[in-house]
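So the sequence shown is numbered by the UniProt record's numbering: it starts at 1 and just counts up by one.
A few of these clues could be false.
Estimated spans, in silico, between C-beta atoms of each pair [what the hints assert, rightly or not]: (1) E37 / F15: 14 to 22 Å; (2) Q17 / A45: 28 to 36 Å; (3) A45 / G19: 27 to 35 Å; (4) L43 / P14: 17 to 25 Å; (5) N33 / R3: 17 to 25 Å; (6) A45 / G22: 26 to 34 Å; (7) P14 / L35: 14 to 22 Å; (8) N33 / Y12: 12 to 20 Å.
Treat the hints as calculated values from the structure; they're not laboratory data. In this text the structure is predicted, and so the values were computed from the model without any measurement. We put the CB at the ideal spot given by N, CA and C, even for glycine.
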Amino acid sequence: MNRGIEPDDFEYAPFAQEGGLGRVYQLFGDELNTLIEQLNESLAA
1 MNRGIEPDDF EYAPFAQEGG LGRVYQLFGD ELNTLIEQLN ESLAA
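Please put together the full structure from these sequences, using the hints given.
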């Protein structure tokens, strides 16, 4: 079981319906990888 977020996860529903990974990059740009790392750290805590 995957207990973290990976960029590929944005290609699945419900994210894909809103533009998928491309849209996420539009919204968060260069901050995306840092944001994902922070979310994963919080999920693991």
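- Could you tell me which of the hints above the structure violates, numbers in ascending order? none
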